[in-house]
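J.: Each chain is listed here by its residues.
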Amino acid sequence: MSTQPIPLQDFQSIHSREEISENISSFIGKRVVDYDPDKPAKSDVVYRFRSDWDNDELLPNLQHFLDTDAAADAPGIVIGAWHSDDPQMTSAKVIEFLAQSAAKLPSLAGIYIGDITSEENEMSWIQQSDLSPLLQAFPNLQMLRARGGEGLKLSQPKHAKLRGLALETGGMSVEVIRSIGASEFPALEHLELWLGTDEYGADYTVPDLQPILSGARFPSLKYLGLRNCQAADELAAVVVNSPLMTQIETLDLSLGVLTDDGARALLMMPLDSTVKNLNLHYNYISQELIHQLKALPMAVDVSRPSDLDLNDEWRFVAVGE
Amino acid sequence: MNGVLSQWESKPRSFFGLLGNPENRRIRDFQAAVERLGMPRPECVSYEDFLRAPHALPGGCELLRIDSPGENANVAKELIKLGGGPPDVTLEFGEIGFLREQHLGYCTVLDWIEQTGISCVNSPAEIRVMFDKWQSHQRFVQDGVSRPPAELAPGEPSAFLGFIKGRKTGSLFIKPLHGSSGSGVCALRWAIGHQQLTSPLRIQARNGEAILVNSLKVQTYTSLADIELILSILLPQGMIAEKWIPKLTLPGGAVDLRVLVIKGEARHWVVRQSRHPVTNLHLGNQRGDGERLLNFIGEANLRTAFRMAEKAAACFPHSLYAGVDILLDTRRRPFVAEINAFGDLLPRLTHRGETAYTAIAKACLARLPEPVHA
Chain Y
1 MSTQPIPLQD FQSIHSREEI SENISSFIGK RVVDYDPDKP AKSDVVYRFR
51 SDWDNDELLP NLQHFLDTDA AADAPGIVIG AWHSDDPQMT SAKVIEFLAQ
101 SAAKLPSLAG IYIGDITSEE NEMSWIQQSD LSPLLQAFPN LQMLRARGGE
151 GLKLSQPKHA KLRGLALETG GMSVEVIRSI GASEFPALEH LELWLGTDEY
201 GADYTVPDLQ PILSGARFPS LKYLGLRNCQ AADELAAVVV NSPLMTQIET
251 LDLSLGVLTD DGARALLMMP LDSTVKNLNL HYNYISQELI HQLKALPMAV
301 DVSRPSDLDL NDEWRFVAVG E
Chain U
322 MNGVLSQWES KPRSFFGLLG NPENRRIRDF QAAVERLGMP RPECVSYEDF
372 LRAPHALPGG CELLRIDSPG ENANVAKELI KLGGGPPDVT LEFGEIGFLR
422 EQHLGYCTVL DWIEQTGISC VNSPAEIRVM FDKWQSHQRF VQDGVSRPPA
472 ELAPGEPSAF LGFIKGRKTG SLFIKPLHGS SGSGVCALRW AIGHQQLTSP
522 LRIQARNGEA ILVNSLKVQT YTSLADIELI LSILLPQGMI AEKWIPKLTL
572 PGGAVDLRVL VIKGEARHWV VRQSRHPVTN LHLGNQRGDG ERLLNFIGEA
622 NLRTAFRMAE KAAACFPHSL YAGVDILLDT RRRPFVAEIN AFGDLLPRLT
672 HRGETAYTAI AKACLARLPE PVHA
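Protein chains in written order, with my numbering: chain Y, 1 to 321; chain U, 322 to 695.
Think of the hints as simulated: they come from the structure by calculation, not from any bench.
Accuracy of the hints is not assured; some may be wrong.
From the derived model, a few chain U residues whose C-beta atoms are all more than 10 angstroms from chain Y [as the list claims (entries may be wrong)]:
(1) Ala446
(2) Arg523
(3) Gln525
Think about it this way: if two alpha-carbon atoms lie no more than 30 angstroms apart in a straight line, the pair counts; the simulated DSS-like pairs of lysine-lysine are [said to hold, decoys possible]:
(4) Lys564(U) <-> Lys93(Y)
(5) Lys564(U) <-> Lys538(U)
(6) Lys93(Y) <-> Lys538(U)
(7) Lys39(Y) <-> Lys632(U)
(8) Lys489(U) <-> Lys153(Y)
(9) Lys30(Y) <-> Lys42(Y)
(10) Lys489(U) <-> Lys93(Y)
Each residue gets a CB set at the ideal place from its N, CA and C atoms; glycine is no exception.
Bound-form chain Y, shown alone (with noise of 0.2 angstroms):
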């Protein structure tokens, strides 16, 4: 089976605040619909399976699916929800039923473990668990998406085709941090960590992050995102310096407190860096400094909700729960 390499820009799933509270409507560029057992099962779209609040289905719609004649084709697959009425289950047992079906998903390129909405449970509440099985068990994985720190671990980060990997979290480890830092990707070209605050469970600092921003583990990465982070203005002054700057396409400082320090960080980018888009949605900057990340020589992306309080003493980053 032939798998058609996923286009850079579809490996982004979640592009403001907004769509945060959202499930996803589409993943590695495809459509995704919720699993119907009652319904032929096609493979021009990603499924998505869950729970519900007054059934457990997603094993058996799981299984059902790989029964049919579309699995084989199925580009992805999206878990939603796998805890039903009890949110401290862990998504281990899914990822293991996954890791043990990847016979019948010979052209799957895309996984994403948690499109949990906050209607369904709060981001930081949600118990992961280790990813390693999935990269082991799918050579030809292109993304990996996962949702929710808590538990969250790459004991064994290592996979010579993963093109994307995206961990949105309130609150990262330091742990996960450094895996990611001694990981062995080659070929990845997107990496996104929602950093998130320790009031949920970061416990790194900046620093921590050096591993990853010296760029050397990463000689493919275009896309860099370090989203949804208290810390985005000490982070800013670290990324500025990173040699990664004259090596990607696309930083990704949003969801995060930056304010008018972390702007200023940004102005000092290098002139030769390779950067076309700086993505800075929601954000703490003024107008002032908006003015002046504007004549980057970059698109700039500094929008933001409009409930967002700019002069509230306490600012938050978008998912904290």
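Please arrange chain U on chain Y, whose structure you already have, making use of the hints.
T.: Chain U alone, transformed into the frame defined by chain Y:
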């Protein structure tokens, strides 16, 4: 004036009577809608006057429309007194207090109306039930209307907090039995090491005592102490605890529907979208895009949701209209979140070319067996 309406032009002057708070747009808009139908402007008796002189209903009117007593501090004060509360209570602006007494007071007002024998657009007895979420719930369940599983919450805070602490996880909506407009509605969720209560309310101090006031901004409380405090003020006022069914989400957030059922038919409807669990439109939420919802869930599912709203309204056969809030779960199955006796304030929204008030006024006229003056 088209032919259908002209027959009503000869109605006696006082076909409609209104009971409400005259300063409220509900009254003005309904009066205007009736005038646009070519009828005289209906007289409105204010709750304030009616509470002073319970026989002051519009004399000789054919049909009384009972509107909301809300958003008027004096009326609230009188209702609390009538319902057995303190005689001269002073509530802070937006304070959530004496809900039970206020409700009992309003029930007395509804009794008075009933005793006059006047015909009402919505029956006072049914309005009374609609303002009791637990009684409404039981009626719905009995008639096969889909509802989230629910229980009457204990009025004793320690009993409820004990229940929460006895379970390692849970997610509930806790709503005042006699509240409206999302006031005091709490989305509560807890797991080991976490708890969170989201509600459009703020904790305020008054004379060293904590009170709760409505907030236009939905707040999230995560400390156990805050949550216990909030519940200890709300629970004694009467609450229903419902299973929190995760809502369907669309671009822009979770959705639910307000469906106005008039004469058994789902008519005006609006999608409400929110990034937090309380979807009432005045809380910074927005009207969603109906067309988008239709495309997303399909016509059959939308029709099923409308049928559910009609079924809920049918539990109140002596009421011409009701606003029914429908939530859709992630499998697009409809559930009745609540029914609102005064759920017809839907400004600018039209259905078949009519605003909600015009549609209601016309339905009232059509309800008459024969023109009064043949």
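J.: All hints are to be evaluated individually against the structure, with a verdict given for each.
T.: Structure-based check of each hint:
Distance to chain Y confirms Ala446(U) as a non-interface residue, since its nearest Cβ pair spans about 34 angstroms, more than 10 angstroms. The Cβ of Arg523(U) lies farther than 10 angstroms from every Cβ of chain Y, with a closest approach of about 15 angstroms, so its non-interface assignment holds. With a minimum CB-CB distance of about 19 angstroms to chain Y, Gln525(U) clears the 10 angstroms threshold, and the non-interface call stands. Our distance criterion of 30 angstroms between C-alpha atoms is met by Lys564(U) and Lys93(Y), whose separation comes to about 26 angstroms.
As the CA atoms of Lys564(U) and Lys538(U) are separated by approximately 23 angstroms, the hinted pair is consistent with the 30 angstroms bound. Restraint check for Lys93(Y) and Lys538(U): not satisfied, since their Cα atoms lie roughly 39 angstroms apart, outside the 30 angstroms limit. Between Lys39(Y) and Lys632(U) the alpha-carbon distance is near 29 angstroms, which keeps this suggested pair within the 30 angstroms criterion. Note on Lys489(U) and Lys153(Y): the hinted pairing holds, with a Cα-Cα distance of about 24 angstroms set against a maximum of 30 angstroms.
For the hint pairing Lys30(Y) with Lys42(Y), the CA-to-CA distance comes to about 12 angstroms; that is within 30 angstroms, so the pair holds. A distance of roughly 20 angstroms separates the Cα atoms of Lys489(U) and Lys93(Y); the hinted pair therefore holds under the 30 angstroms criterion.
Comparing the model with each numbered hint stated earlier shows that hint 6 is the single one that does not hold.
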